[in-house]
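Letter by letter, the chains look like this.
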Amino acid sequence: MLEFIKQPWPWYVAGPLIGLTVPTLLILGNKTFGISSSLRHICAACMPANIPFFKYDWKKEIWNLFFVLGIFFGGIIAGNFLGNPDPIEVNPKLAVELSGYGINNYNHLIPQEIVNWKSLFTLKGLLIMVVGGFFVGFGTRYAGGCTSGHSIMGLSNLQWTSLIATIFFMIGGIIMANWILPLILSL
Amino acid sequence: MHQEANNKMAQDMRSVDAICVNESQLQHKWHHQLKYLVTGILFGIIFVKAEIISWFRIQEMFRFQSFHMFGIIGSAVVVGMISVWLIKKFNIKTIYGEKIIIQPKPFNKGQIIGGFIFGLGWALTGACPGPLFAQIGTGATVVIITFLSAIAGTWVYGLLRDKLPH
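In the order they appear, the protein sequences are chains A and B. The first sequence begins at 96 in the numbering used here and counts up one residue at a time. The second sequence begins at 3 in the numbering used here and counts up one residue at a time.
Mixed in with the good hints there might be a few duds.
Stated by the list, open to error - Chain A stretches covered by chain B per the calculated footprint, using a threshold of three residues with CB under 8 Å from any CB of chain B:
| hint | region |
| --- | --- |
| 1 | 105-115 |
| 2 | 122-131 |
| 3 | 136-143 |
| 4 | 198-212 |
| 5 | 241-254 |
| 6 | 257-268 |
Honestly, the hints are just simulated from the structure, not real lab data. All residues carry an ideal CB built from backbone N, CA and C; glycine is no exception.
Using the sequences provided together with the hints, build the complete structure.
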C-alpha cells in the first residue's frame, strides 16, 4: 500500500480529488475555494498601512489561513514520508531543452540548479524567484483569483469571467514559457 | 446604527476582488477552524503526490508536451461543476444547516491584465499561490523568498488599486 502511495499519482486520481475540495469547503462552512486571497489576508493582518483594500476584518477569513497552513503541512508530510524515490519523468523534448540551460537534476520537484539560495543573487535567479513571485501575487489579486479561485471554483460555478481569467493565465504562461523564459535561462 | 454601516463597509471591502468571501452568521470557537487545516493537509499531499507543485510539470503544460496538468485541472473542474450543480439542485446545506451561497464574479479588466501578469509569473516560478506553500513544506526553503515576493506583489496591488484600470 505504501509503495503504491509513494508512486506519482495519475491525473485521474488527483484531479477529481481536487475537484472534491469545492463541495467539501462549501459544506463544511460555506467557504468558496480560493488560495490567493490568503496573501491578501496576510497583508491585512501584518501591514495594512492604512490602504483601503486591506482595511477589513481579516479574522473573519481566518479559515483561509488555516487552509493554506494545512497545505504547508501537507507538503512536509508528503515530501518527507510519501516521497517518490525516482526522478521526475518529463517529456524527453523538455529534458533536451532544459539540458541546454544546464538543468539536468530531476530528483526534486523544483530544478535545484536554478532555484537555490546562491542563485538568488544572480540575475537569472532574481528574475525567476523574486520577479516571478511578485507577478504571481500582483497578478492573482488584480485578476481577483488564481488557479483555484477562478479556474476551479469559478468555472465550477459557471462564471464566464473566470473563463476569461483562465484563458489569460494560459496566454501569459505560454508566452513566458516558450519565448521569454528561454532568454532568462540562457543568462 | 453607525457600527452597522461600518460593518457593511468592511464586508464590501473584503469581497472586492476576492473570490472567497462568505458571511456566516455563526460564531465559532477557534478549533472549528481545524477542519480547514485538515482539508488543507490532504490537499497539500495531493499537490505533492501528483507533482502539481513541480516546476517541470508546469513547463510541460505551457509547452503542450504533457496531458498531465490539463487532465488534473479538467477533471477537477468537471467534478466541481457536478458538485455545485448537485448542491444547488438539492439545496444542500452546510453541516451547520446554513444555506450555501456562492458569490458571482462580476467582470473587470483585471481578469485580463492581472490574469496575463499572473500567467507570466506562473511559468517563471512554476507555482501558483497554493503550490508555493507546499513547495516550502517539501523543504525548498528558498521558495520562502518567492512567497514573500508574492505577498509584496499583493500589497503593491492594494496600494495602486485606484490607479489601475478595472
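* **Hints violated by the structure (listed by number, smallest first)** => none
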